[in-house]
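What follows is the residue order along each chain.
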Amino acid sequence: MAITDIIKKTCKSLGENNKPTYVVMAIAAVKGICRPAFTMMDKTENPETKKYTALREGLTEVIAIPAYWACGEIAGKSAKKIFNSDAALAGRAEKNLMFMGVCTAALFVIPALCSVAIKPIMDKIGLKSPKDNEKNNKPSDPSPVIKPAQLTPPVTALNTFPRMSTFTSRPQTGLRVGGL
Amino acid sequence: MIGAVKSFVTSSQLANIAQNTTQSVAIETTLKSIGRPGFILIDKDIDSDTKQYAAAKEFLYQATCLGVYMALIVPVFKKGGFKLAKNVLFKNTEGFEHFKDVKAYMHYRKLADNPSVNNRLKTLEKERLTDKTKIKDKYDEILQAELAKEKPEKFAYVKGAVELSNIIGSVLGLAILAPQVSHAFIHPALRFLGLEKKKAKEVEHISKVDTKA
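So the sequence lines, in the order shown, correspond to chains P and X. Heads up, the first sequence is in this note's numbering, so the first residue is 1 and it goes up one at a time. Heads up, the second sequence is in this note's numbering, so the first residue is 1 and it goes up one at a time.
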């Protein structure tokens, strides 16, 4: 099949039913590829930070794609069930609720999923945020207080008289009786 | 209350918006630009300066996305996609020759989506405010005959070509172009608002305190 035929088929199906999930999923898929690539190309950033940020951005979009799809489809299916008595109403309600589902996903579901899932995934992969790394690398006391040197006077013996034994030539071991 | 919700959920105008790529993306981006900064500001775990900074940054990012999208992508891809489809892809396909541009097709499609034949015919007889000609004069005889039918031909591939072009434009605009533009625009804007300077001052202050200690 030629490319033009594929495009024509796509155009026809989009013209008949252009689901709101298509465009948001396409945007998320391209963002998931391009944003990490742009981050990795940044020459001013530290490589570890780049790796962490790129993976985080990629993961966000990986979470976003199924979230958009699921929210849209669930909302659409529920519309069909609610308005099953009237086909025309059901058709319109399906489109409208699918759109609302996509908006809900963008506003609430994706940020919530990301805040719950990304950190544990990053920890499992073994990548920690640059902030955490800084914390770990820092010594336990970030601002060690240098204590002023205490000038203690040298311990001097109060008895200044030399011990007489210093001058003795006698051996200092063995039993001695009397005298020095 | 239930009646209002039901009429909103089954509204044909909302269904048209939901089926239109540009309108649905624009609405979604607008909601994001209001909602996300709002949620950041509600968060009680962050200190007020960081909240302000993050909320302003998020708002500016979404606003830039919306601006780029509306200013560049909508006119270029909507009109360009229609022209490309008419002159290249669907050159020998019946349907495109009835419409001069996207606007003419969208107007026809809106009428064709109206389930009541009477309402359609009444609309065709109305006069336009701009040049006092009747609306039906915009359409050739074939289209007028179609609109008089119970189920008029909607020329799905014309709409599909426009939507496909809009999807490609949206992807290029929001995933590639808008982040680059916002990257260049956000920091000067934050500095202009006095949010980034304040942050920098804070850091400077903290570092001074540290060195003194």
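By construction, these hints were calculated from the structure, which means they are not laboratory data. Even for Gly, the Cβ is constructed at its ideal location relative to N, Cα and C. One should not assume that every hint holds.
Stated by the list, open to error - The following residues of chain X were derived to be distant from chain P, with all beta-carbon distances above 12 Å:
1. A18
2. Q23
3. V76
4. V88
5. H98
6. L111
7. T133
8. K136
9. Y157
10. E163
Said to hold, decoys possible - No more than 16 Å apart at the CA atoms, straight line, and that leaves these computed lysine to aspartate or glutamate pairs for EDC-like:
11. X:K100 with X:E150
12. P:K12 with X:E196
13. X:K6 with P:D86
14. X:K79 with X:D113
15. X:K110 with P:D86
16. X:K110 with X:D45
17. X:K154 with X:D131
18. X:K132 with X:E146
19. X:K154 with X:E97
20. X:K91 with P:D123
21. X:K100 with X:E141
22. X:K57 with X:E146
23. X:K149 with X:D131
24. P:K8 with X:D137
25. X:K110 with X:E150
26. X:K149 with X:E97
27. X:K151 with P:E16
28. X:K138 with X:E125
29. P:K12 with X:E153
30. P:K51 with P:D123
31. X:K154 with P:D5
32. X:K83 with X:E97
33. X:K138 with X:E196
Going down the list of hints, with the structure as the test:
The non-interface label for A18 (chain X) is inconsistent with chain P: the shortest C-beta to C-beta separation is roughly 4 Å, within 12 Å. The claim that Q23 (chain X) lies off the interface is violated: its Cβ sits roughly 10 Å from the closest Cβ of chain P, which falls inside the 12 Å cut-off. The claim that V76 (chain X) is not at the interface with chain P holds, since no C-beta of that chain comes within 12 Å of its own (minimum 16 Å). Remark: the non-interface label on V88 (chain X) conflicts with the geometry, its nearest Cβ contact in chain P lying 9 Å away (cut-off 12 Å).
With a cut of 12 Å on Cβ distances, H98 (chain X) stays outside the contact zone with chain P, its closest approach being about 15 Å. No beta-carbon of chain P is positioned within 12 Å of the beta-carbon of L111 (chain X); the least distance is around 16 Å. The Cβ of T133 (chain X) lies farther than 12 Å from every Cβ of chain P, with a closest approach of about 29 Å, so its non-interface assignment holds. Distance check for K136 (chain X) against chain P: the nearest CB is about 24 Å away, which clears 12 Å, and the non-interface claim stands.
Its closest Cβ contact with chain P, about 5 Å, brings Y157 (chain X) to no more than 12 Å, contrary to its assignment away from the interface. Distance to chain P contradicts E163 (chain X) as a non-interface residue, since its nearest Cβ pair spans about 5 Å, not more than 12 Å. With a CA separation close to 25 Å, the supplied pair K100 (chain X) and E150 (chain X) exceeds the 16 Å bound. Our distance criterion of 16 Å between C-alpha atoms is broken by K12 (chain P) and E196 (chain X), whose separation comes to about 49 Å.
Taking the CA atoms of K6 (chain X) and D86 (chain P), the gap is about 13 Å. The hint holds against a cut of 16 Å. This hinted pair does not check out: K79 (chain X) and D113 (chain X) have alpha carbons roughly 22 Å apart, beyond 16 Å. A distance of roughly 22 Å separates the Cα atoms of K110 (chain X) and D86 (chain P); the hinted pair therefore is violated under the 16 Å criterion. Straight-line distance between C-alpha atoms of K110 (chain X) and D45 (chain X) comes to about 48 Å, which puts the hinted pair past the 16 Å bound.
Restraint check for K154 (chain X) and D131 (chain X): the C-alpha separation of about 27 Å exceeds 16 Å, so the hint is violated. Between K132 (chain X) and E146 (chain X), the direct Cα distance comes to roughly 24 Å. Violation of the 16 Å bound is thereby established for this hinted pair. As the CA atoms of K154 (chain X) and E97 (chain X) are separated by approximately 14 Å, the hinted pair is consistent with the 16 Å bound. Of the pairs offered as hints, the one joining K91 (chain X) and D123 (chain P) is violated, with about 55 Å between alpha carbons and a cut-off of 16 Å exceeded.
For a cut-off of 16 Å, the pair hint linking K100 (chain X) to E141 (chain X) stands: about 15 Å separates their Cα positions. Pair hint K57 (chain X) plus E146 (chain X) does not hold up; C-alpha atoms about 51 Å apart against a cutoff of 16 Å. For a cut-off of 16 Å, the pair hint linking K149 (chain X) to D131 (chain X) is broken: about 28 Å separates their Cα positions. For the proposed pair K8 (chain P) and D137 (chain X), the alpha carbon gap of about 30 Å is over 16 Å, so the pair is violated.
At most 16 Å may separate the alpha-carbon atoms for a hinted pair to count; K110 (chain X) and E150 (chain X) meet this at roughly 15 Å. Taking the CA atoms of K149 (chain X) and E97 (chain X), the gap is near 20 Å; set against the 16 Å cutoff, the hint is violated. Pair hint K151 (chain X) plus E16 (chain P) holds up; C-alpha atoms about 14 Å apart against a cutoff of 16 Å. Taking the CA atoms of K138 (chain X) and E125 (chain X), the gap is about 11 Å. The hint holds against a cut of 16 Å.
Only pairs whose Cα atoms come within 16 Å are accepted, and K12 (chain P) paired with E153 (chain X) is accepted, the gap being roughly 13 Å. A C-alpha spacing of about 14 Å is found between K51 (chain P) and D123 (chain P), which places the hinted pair at or below 16 Å, so the restraint holds. In summary, the hint linking K154 (chain X) to D5 (chain P) is not supported, as the alpha carbons are separated by about 20 Å, beyond the 16 Å threshold. Proposed proximity of K83 (chain X) and E97 (chain X) is supported: the alpha carbons are some 11 Å apart, at most 16 Å.
In summary, the hint linking K138 (chain X) to E196 (chain X) is not supported, as the alpha carbons are separated by about 54 Å, beyond the 16 Å threshold.
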